[in-house]
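Required output: the full structure, derived from the provided sequences and hints.
Protein chains in written order, with numbering that gives the first Met the number 0: chain A, 0 to 239; chain B, 0 to 42.
By construction, these hints were calculated from the structure, which means they are not laboratory data. None of the values given here were measured: they were computed from a predicted structure. Warning: the hint list may mix true and false statements.
[To be verified] Computed footprint of chain A on chain B, listed as stretches where at least three residues anywhere in the stretch have a Cβ under 8 Å from a Cβ of chain A:
(1) 9-22
(2) 27-37
[Claimed, not checked] Output of the computed footprint for chain B on chain A, the stretches with three or more beta carbons under 8 Å from beta carbons of chain B:
(3) 46-58
(4) 162-174
(5) 178-187
[What the hints assert, rightly or not] So the derived label-pair ranges between C-beta atoms look like this:
(6) Glu120(A) x Trp5(B): 17 to 25 Å
(7) Val161(A) x Glu2(B): 39 to 47 Å
(8) Ala24(B) x Thr178(A): 32 to 40 Å
(9) Leu28(B) x Gly190(A): 20 to 28 Å
(10) Trp5(B) x Pro7(A): 42 to 50 Å
(11) Glu2(B) x Ile145(A): 47 to 55 Å
(12) Trp176(A) x Gly39(B): 52 to 60 Å
Where a beta carbon is used, it is the ideal one built from N, C-alpha and C, also for glycine.
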Amino acid sequence: MLSYLANPARFMAFSAWAAPLFLAAAVLAFGVALPWALAFSPADYQQGETVRIMYVHVPAAWWSMGIYAFMGVASFVGLVWRHALADVAARAAAPIGATFAALCLITGSLWGAPTWGTWWEWDGRLTSMLVLFIIYLGYLALWSAIEDEEKAARLAAILCLVGLINLPIIKFSVDWWSTLHQPASIMRSGGSAIHPSMLGPLLTMAAGFLFLFGALLMMNMRAAVFRRRVESARARGDGA
Amino acid sequence: MIEGGWDFVYPAYAVTFGGLAVLAAVVVLRLRHWAKRAQGLKR
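Okay, structure coming up:
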């Protein structure tokens with residue numbers, strides 16, 4: 000499937016109908032998850048209503064890391080096989096990942112204030128998440144700073160691959176260091192520790208985030224392909 | 000149990016869905032801009 004879509008013409012034909020479909024799926028998932036999270040899921044016996052922040056905080060955290068892993072794979076493919084669409088995919092994913100990372104940090108802060116009594120703590124989990132956000136910004140800045148797109152793609156891919164080391168640090172930070180943040184309660188050995196009445200809205204919201212990422216990624220990639228067509232025509236002196 | 004949780008829940012949801020809506024709007028507008036310019040090449 001991926002090698003089939005590696006052809007820009009085939010990708011453009013596929014994404015023309017797939018992007019709106021993913022967007023519709025995201026709207027549907029959010030439409031189900033929002034009332035479920037805010038009205039139909041129970042309050043927590045200790046955290047009260049604040050537990051509802053989990054339904055936006057956790058998906059933002061998961062996918063900000065997932066998107067970075069996706070960028071790592073795309074960067075590797077771009078570096079090794081010099082596939083132009085792989086570089087386009089990595090660059091197109093970055094602003095979405097950066098937004099998700101920012102939302103994770105902000106909602107985490109809003110959750111920490113009533114539950115921990117502090118908006119911020121320089122512990123392993125929060126700091127490594129902030130580092131991920133800064134890596135995203137650095138990656139985007141690097142792309143913008145270098146005019147030669149091939150050179151920019153190579154350097155950004157190397158930065159992205161180096162930054163991958165931060166993902167296991169985020170994941171295991173709660174096990175390695177003393178932290179206010181709770182340990183893993185869903186993706187852990189021995190199965191999920193969360194009640195199904197809370198797992199349902201959480202996974203539905205996570206699906207919404209994933210569909211939205213798919214839609215926005217394809218749209219960003221389409222914009223990049225169109226932009227390259229315009230710039231190639233301009234370089235040939237065709238106007239536009 | 001922590002009281003007054005909604006004071007934090009509503010801002011968290013407003014920031015999340017406001018942020019996602021702004022992101023989606025920027026992506027759609029950028030796509031429309033470049034698609035229109037690429038369309039102009041064919042004429």
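Going through the hints against the structure:
1. A count of 9 residues in the stretch 9-22 of chain B with a Cβ less than 8 Å from any Cβ of chain A is obtained; the coverage claim is therefore met, three being the minimum.
2. Remark: the stretch 27-37 of chain B is confirmed as covered by chain A, as 8 of its residues place a Cβ nearer than 8 Å to a Cβ of that chain, reaching the required three.
3. Under the rule that three or more residues need a Cβ within less than 8 Å of chain B, the assignment of the stretch 46-58 of chain A holds, with 9 such residues.
4. Counting residues of the stretch 162-174 of chain A whose CB lies closer than 8 Å to any CB of chain B gives 0, so the stated coverage by that chain is violated, three being the minimum.
5. Counting residues of the stretch 178-187 of chain A whose CB falls under 8 Å from any CB of chain B gives 0; the rule of at least 3 is not met.
6. In this structure the hint that Glu120(A) and Trp5(B) lie 17 to 25 Å apart at CB holds, the actual value being about 24 Å.
7. Hint check: Val161(A) to Glu2(B), Cβ distance near 45 Å, so the stated range 39 to 47 Å holds.
8. For Ala24(B) and Thr178(A), the hinted distance range of 32 to 40 Å is satisfied, since their beta carbons lie about 36 Å from each other.
9. Remark: the range hint 20 to 28 Å for Leu28(B) to Gly190(A) is contradicted by a beta-carbon distance near 44 Å.
10. Separated by about 48 Å at the C-beta atoms, Trp5(B) and Pro7(A) satisfy the suggested range of 42 to 50 Å.
11. The hinted range of 47 to 55 Å is satisfied by Glu2(B) and Ile145(A), whose Cβ atoms lie roughly 52 Å apart.
12. In this structure the supplied range 52 to 60 Å holds for Trp176(A) paired with Gly39(B), their Cβ-Cβ distance being about 55 Å.
Taken one by one, the earlier hints fail for this structure at numbers 4, 5, 9, listed in ascending order.
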